[in-house]
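Peer 1: Here is how the chains run, residue by residue.
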Amino acid sequence: MADLPQRQTDIGPPHYMQFLPPVAQKNYGQWKYHEQLSGGSMVHVAESGDKLWTVRAASPRLISTDFIRGLTALADKYCGGHLRFTTRHNVEFLVSDESNLKPLMDELKQKNYMVGGIGDGISNIVHTQGWVHCHSAATDASGLVKVLMDEFADYFTGTKTLPARVRFAVACCTNMCGAVHCSDIAVVGIHRKPPTIVHEDVKRACEVPSTIGSCPTGAISPDPANKSVKIKEEKCMYCGNCYSVCPAMPISDPDNDGVAIVAGGKIGSLRSNPKFSKLVIPYLPNNTPKWPEVVAAFRTILTAYENGARKHERLGEWIDRVGWEKFFSLTGLPFTHQHIDDFTIARETYRTSAAFKW
Amino acid sequence: MSQKKYETPLLDELEKGPFPSFVTEIKTAAAKNDSANDLLGVLEQCYRERRTHWKHGGIVGVRGYGGGVIGRYSDVPNEYPGVAHFHTVRINQTSGFFYTSKALNDICDIWDKYGSGLTNLHGSTGDLVLLGTKTDALEAIFAETSSRGWDLGGSGSAMRTPSCCVGPGRCEWSMIDTLDITYALTQEFQDELHRPAFPYKFKIKTAGCGVDCIASVARADLSLIGTWKGDIQIDQAEVKNYAAKGMNIQGEIIDMCPTGCMSLNGGEIAIDNSNCSRCMHCIAKMTKALRPGKEHGATIMVGSKAPFVIGALLSHVIVPFMPLEPPYDNLKDLIRKMWEWWDEHGKNRERIGELIVRRGMREFLEFLELDPIPQMVFEPRRDPFYFWTEDELNK
Ligand code: HEM
Ligand code: HEM
Ligand code: SF4
Ligand code: SF4
Ligand code: SF4
Ligand code: SF4
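Top line first, the protein sequences correspond to chains A and B. Heads up: the first sequence begins at 1 in our numbering, then just goes up one per residue. Heads up: the second sequence begins at 1 in our numbering, then just goes up one per residue.
None of these hints come from the bench; they were simulated from the model. C-beta: ideal position from N, C-alpha, C; glycine also. Treat the hints with care, as some may be off.
Stated by the list, open to error - Coverage of chain B stretches by chain A, computed from C-beta distances (three or more under 8 Å per stretch; other residues unrestricted): (1) 35-47; (2) 64-73; (3) 94-105; (4) 283-295; (5) 333-343; (6) 365-374.
Start from the sequences and build out the full structure, keeping to the hints where you can.
Peer 2: Here is the structure:
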């Protein structure tokens with residue numbers, strides 16, 4: 001194609017400074033404090049007295065170019081063309097002129113954007129590709145995000161608040177793209193059976209050594225009789241890596257795939273150290289398109305937290321205070337063999353004290 | 001052109017409700033693009049059958065680069081030819097995800113021309129993800145984007161696209177220049193980003209303070225977290241304002257300080273700074289009254305990753321305090337040394353955090369010429385099974 005412009009390599013991203021609104025360039029690193037104005041707006045005040053207003057709105061992350069053009073049109077109209085995105089996929093309009101704040105919020109409302117995500121509530125959900133784009137997916141991410149955010153919309157907009165921030169995440173398989181392992185409540189897609197091996201196709205489509213090499217746990221070995229491979233089932237962690245290199249080993253299985261729910265993780269160092277999320281429900285089915293069991297489980301956990309936690313206490317901090325045995329009795333969630341760790345550093349989690357709650 | 005029309009009763013359910021709908025987004029793109037239309041069709045089939053219909057199928061990319069594009073193929077290409085190839089292009093985002101309308105509109109124009117019109121803003125690593133194109137469009141996309149100043153992000157066994165929190169661009173707590181550090185490291189390590197040569201992936205995330213809005217402690221091989229030395233700065237007049245506005249300072253702040261180093265006397269806050277662990281709780285809740293101490297730097301931590309293979313890891317402290325000023329040579333040197341050790345000893349698909357577990361902190365620290373200090377651990381070892389070097393025996 002002769003009409004293409006000259007490509008450049010190794011130039012890296014454009015310099016960030018040109019994208020900051022002038023007031024943020026001028027007061028770069030000189031911010032003094034901020035105040036939350038509503039569930040979806042806040043103002044940052046610089047040492048100089050200058051102010052920058054932010055209006056935050058939800059995005060489904062999987063968005064069309066038309067959606068983006070809708071955002072940029074609003075940014076042009078009210079923000080001198082300046083906008084940004086958050087780690088949790090929300091869009092932020094950066095308003096330098098206070099007189100634009102209300103008209104922007106009015107127009108967002110009128111166009112049915114969901115404004116919110118600031119403060120002690122539920123922000124947007126960190127999530128991954130799922131059935132939209134990934135071959136390992138044991139569930140869909142976008143659909144789960146949609147039904148959960150619809151259910152808990154009031155906690156996003158600020159109509160309702162919680163004792164502290166509650167952060168959700170969805171990962172569509174145990175590879176856990178996205179920080180599911182440190183979220184207040186999260187969904188993880190799980191496979192429950194190793195891949196099936198279609199021996200005739202392995203011969204044709206796969207290279208045996210690289211298939212064996214793809215397995216992170218060493219579960220795959222040669223099967224000379226079939227000119228194929230075999231899987232030592234008890235070593236398989238259902239990661240789907242072998243399927244990446246060998247399409248004759250599909251792992252998805254509608255009747256056994258589903259999701260697990262984990263809870264009690266956190267990232268920040270505030271008050272208590274960052275924590276992993278722990279298993280609370282080992283399996284729920286993929287009941288498409290609305291996953292009612294998953295939504296109900298989130299509701300149960302959130303309600304118990306809302307009733308029990310002290311102000312500023314994150315979900316995991318509340319559970320640490322009352323104890324996991326109490327968490328299971330308060331939520332009524334069943335405790336099973338799957339809940340007791342038998343992975344790498346399992347024994348650390350066994351109770352070595354006779355003091356506990358009934 | 002006449003487009004195939006798919007019935008999507010299951011997905012249609014996900015267009016209802018207040019949260020913006022990804023199904024609506026796919027339909028919007030589908031109105032203009034056959035690939036997006038076939039994505040709608042195959043996704044409905046996934047919802048119907050409750051399983052994925054994607055597969056891997058070989059590496060794709062652009063000339064001279066070993067990453068930045070994720071190859072993706074449909075396992076039902078005959079029914080949905082528009083997504084037979086449906087590759088992802090990772091565009092290196094800007095530091096802090098700041099954009100102008102013009103910059104985003106340019107990318108939209110390119111993507112409408114060469115791709116499905118669908119995107120992820122952003123992938124969880126941080127990249128601006130262009131979702132769904134064909135192999136033969138990749139060079140054109142790269143020429144169009146790179147000539148306008150954009151480059152690809154990382155994938156595979158390479159340094160992944162570094163990312164950071166909003167930092168000094170808009171946050172009063174940022175104690176390091178997260179935006180600049182991220183930009184500088186990305187530029188410094190372009191080769192490591194674009195040409196995978198490591199045992200496995202390497203992620204760098206920079207947070208301006210312990211609130212860690214970028215989740216660096218949980219999902220980066222190298223986590224840089226801003227912190228301070230010196231006394232927390234207190235504005236007692238603002239403390240009284242918070243009390244006047246109804247804050248229960250004793251209950252919400254003093255009693256929740258994890259180290260018990262705060263007290264409230266006659267409406268004034270006192271802090272025993274030598275016992276403060278710099279957790280950020282009090283500062284985050286009383287931003288007008290309390291500010292970090294004046295000497296700024298970063299705590300350097302390594303090794304977090306998701307559960308595969310040995311279990312999830314959080315990053316752990318290796319340098320408690322490193323001043324970070326441009327050109328960040330101290331940090332770049334440390335990173336290079338880390339990579340040298342990992343390159344030498346790491347097995348294929350072994351993250352650096354796993355290698356440290358396998359070969360031990362001692363070897364890692366000695367290689368980096370870092371002295372052991374108590375800040376590196378929660379507690380010392382509990383067992384008596386440790387080794388001595390000849391040097392130590394002869395001391
Ligand atoms: C064994 C572990 C893992 C494997 C095999 C794996 C595999 C993959 C694959 C195949 C994709 C491409 C999805 C697509 O088709 O676009 C992907 C995307 C992605 N992965 Fe992973 N992954 C693993 C772990 C992780 C972890 C731990 C994280 C983050 C904490 C992560 C974050 C991401 C992100 C952010 C994407 C991009 C798509 C998105 O943002 O949703 N991955 N991963
Ligand atoms: C053994 C562990 C892991 C494996 C096998 C793995 C594998 C993968 C693969 C195959 C991809 C997509 C394809 C590629 O870019 O090459 C991917 C993407 C990604 N992974 Fe991982 N991953 C692992 C752990 C992690 C961890 C621990 C994190 C973060 C804590 C993470 C974050 C990501 C992110 C953010 C992406 C997407 C990048 C983007 O959006 O541009 N991964 N991972
Ligand atoms: S979590 Fe699993 S299924 Fe989801 S994008 Fe990552 S690898 Fe794919
Ligand atoms: S699914 Fe993962 S653990 Fe299981 S055999 Fe395949 S590569 Fe190995
Ligand atoms: S990590 Fe700290 S400095 Fe960075 S945006 Fe969050 S609160 Fe601000
Ligand atoms: S930063 Fe944390 S440890 Fe330090 S005084 Fe404040 S609450 Fe206490």
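Peer 1: Next, verify each hint and record whether it holds.
Peer 2: Against the structure, the hints come out as follows:
no.: 1; hint: 35-47; verdict: holds (count 5)
no.: 2; hint: 64-73; verdict: holds (count 3)
no.: 3; hint: 94-105; verdict: holds (count 12)
no.: 4; hint: 283-295; verdict: holds (count 4)
no.: 5; hint: 333-343; verdict: violated (count 0)
no.: 6; hint: 365-374; verdict: violated (count 0)
In this structure, the hints that do not hold are numbers 5 and 6, in rising order.
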